[in-house]
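Enquirer: Respectively, the protein sequence lines represent chains A and B.
Just so we're aligned, residue 0 is where the first sequence starts under numbering that gives the first Met the number 0, counting upward by one.
Just so we're aligned, residue 0 is where the second sequence starts under numbering that gives the first Met the number 0, counting upward by one.
Worth flagging that the hints you see were computed from the coordinates, not collected in a lab.
Positions of the beta carbon are idealized from the N, C-alpha and C atoms, including for glycine.
Check the hints yourself; a few may be wrong.
[Claimed, not checked] Label-pair distances were calculated between CB atoms; the ranges are:
#1 A:R106 to B:F134: 45 to 53 Å
#2 B:S150 to A:R94: 19 to 27 Å
#3 B:S150 to A:D64: 28 to 36 Å
#4 B:I158 to A:D64: 37 to 45 Å
#5 B:M93 to A:N105: 20 to 28 Å
#6 B:P140 to A:N15: 29 to 37 Å
#7 B:A106 to A:R94: 39 to 47 Å
[What the hints assert, rightly or not] Per the computed footprint, the stretches of chain B lying under chain A, defined by three or more beta-carbons under 8 Å from a beta-carbon of chain A, are:
#8 2–16
#9 38–52
#10 63–72
#11 99–105
#12 109–116
[Said to hold, decoys possible] As a list, the in silico EDC-like pairs of lysine to aspartate or glutamate whose alpha-carbon atoms are at most 20 Å apart:
#13 B:K131 to A:D64
#14 B:K160 to A:E81
#15 B:K131 to B:E142
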Amino acid sequence: MDNTLSQQLQVIPLENYVMLSIILFCIGVIGILMRRNLIVVFLSIELMLNAINLMAASFSAYHNDPAGQAFVFFIMVVAAAEVAVGLAMLVMIYRNTKSIDINALNRVKW
Amino acid sequence: MTQVFFYGLSALAIASSLMMLFQRNPMYSVLYLLVCFFSVAGLYIMLNAQFLAVVHIIVYAGAIMVLFLYVLMFLNLNVQQHFSKSNMLRLAAMLTGGGLFLLLFSAFYQTELVVMPDPMNENVGSVQTLGKVLFNDYLIPFELTSILFLSAMVGVVIINKKEQTNG
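Extracted from the complex, chain A is given alone in its bound form (with noise of 0.2 Å):
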């Protein structure tokens, strides 16, 4: 039963997970550059965290190699210390500009 539901997974290429996650990893890139609200870049930054973990896990299902999804586990332990870092840095800044608005920091760029 095993056997034959690995034997299912494979009709899917590599290939197909690599470009899925090249392409939300783009999105998220896209997001950061544009959005000038300081809770979109995060979740632009989370999408993109999400999109190296899934071709962290892809390659680890295609290699056989369980390695990698252990890298995919520290990256989300990771990705969590960083938000709530993140966010309690928003509501610092927010508390301080009443904004949370990236060119309101425009002043911290030298």
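Go by the hints and put chain B onto chain A.
Expert: Chain B alone, transformed into the frame defined by chain A:
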């Protein structure tokens, strides 16, 4: 059947992430990204990585997105705010993203991907295998992640601590 699932899930993921991008209200952006995460979890199941799918839903849908929604509601940010926007910047972002896509696509096009003879062994994504890998080969990184979480927690508390007023 498998192909229908794959293309449906990937179309859902791409469409919801695009909707996330072009949504005015950040609340809807978060909810659309949630849809995207669920379809990515479905793709993990199609890769025979059940543990990853469950952890993905728990961590992203259960923790991260709830944190986003909590901050949005807490600060009442879902009201329409005025954002500086310029069409020039938007065009530049599109061009940059499109250029990155072309670069990655050409690299992908010229690469020959190697696939093992019998991919998606039913044991690779199981909790047993991943647990053995995680606690044998990657034990020290696993312990370091706990320190990372601890430092993130301390950092969050310190960042959001109100300034003490003396006297």
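Enquirer: Do the Cβ positions of R106 (chain A) and F134 (chain B) conform to the proposed distance bound of 45 to 53 Å?
Expert: holds (47 Å)
Enquirer: So is the segment 63–72 of chain B in contact with chain A by the C-beta rule, three or more residues under 8 Å, or is the coverage claim wrong?
Expert: It holds, with 5 qualifying residues against the three required.
Enquirer: Would you say the C-beta atoms of P140 (chain B) and N15 (chain A) sit inside 29 to 37 Å of each other?
Expert: Holds: the Cβ-Cβ distance is about 30 Å, inside 29 to 37 Å.
Enquirer: Apply the coverage criterion to the segment 2–16 of chain B and chain A: a residue qualifies when its Cβ sits closer than 8 Å to a Cβ of the chain, and three qualifying residues are needed.
Expert: Check passed, 6 qualifying residues.
Enquirer: Quick one: see if chain A covers the segment 99–105 of chain B, three-plus residues with Cβ-Cβ under 8 Å.
Expert: holds (count 4)
Enquirer: Are S150 (chain B) and D64 (chain A) spaced within 28 to 36 Å by their CB atoms?
Expert: holds (30 Å)
Enquirer: Taking 19 to 27 Å as the hint, is the beta-carbon distance of S150 (chain B) and R94 (chain A) inside that range?
Expert: Hint holds: Cβ distance 23 Å, inside 19 to 27 Å.
Enquirer: With 39 to 47 Å as the target window, see if A106 (chain B) and R94 (chain A) comply at their CB atoms.
Expert: holds (43 Å)
Enquirer: Range first: 20 to 28 Å. Now tell me if the beta carbons of M93 (chain B) and N105 (chain A) are that far apart.
Expert: holds (21 Å)
Enquirer: Hey, K131 (chain B) versus D64 (chain A), does the alpha-carbon distance stay inside 20 Å?
Expert: holds (12 Å)
Enquirer: Quick one: see if chain A covers the segment 109–116 of chain B, three-plus residues with Cβ-Cβ under 8 Å.
Expert: holds (count 4)
Enquirer: 37 to 45 Å was suggested as the range; check whether the CB atoms of I158 (chain B) and D64 (chain A) agree with it.
Expert: Taking Cβ atoms as reference, I158 (chain B) and D64 (chain A) lie about 39 Å apart, which means the hint holds.
In summary, the structure agrees with every hint in the numbered list given earlier.
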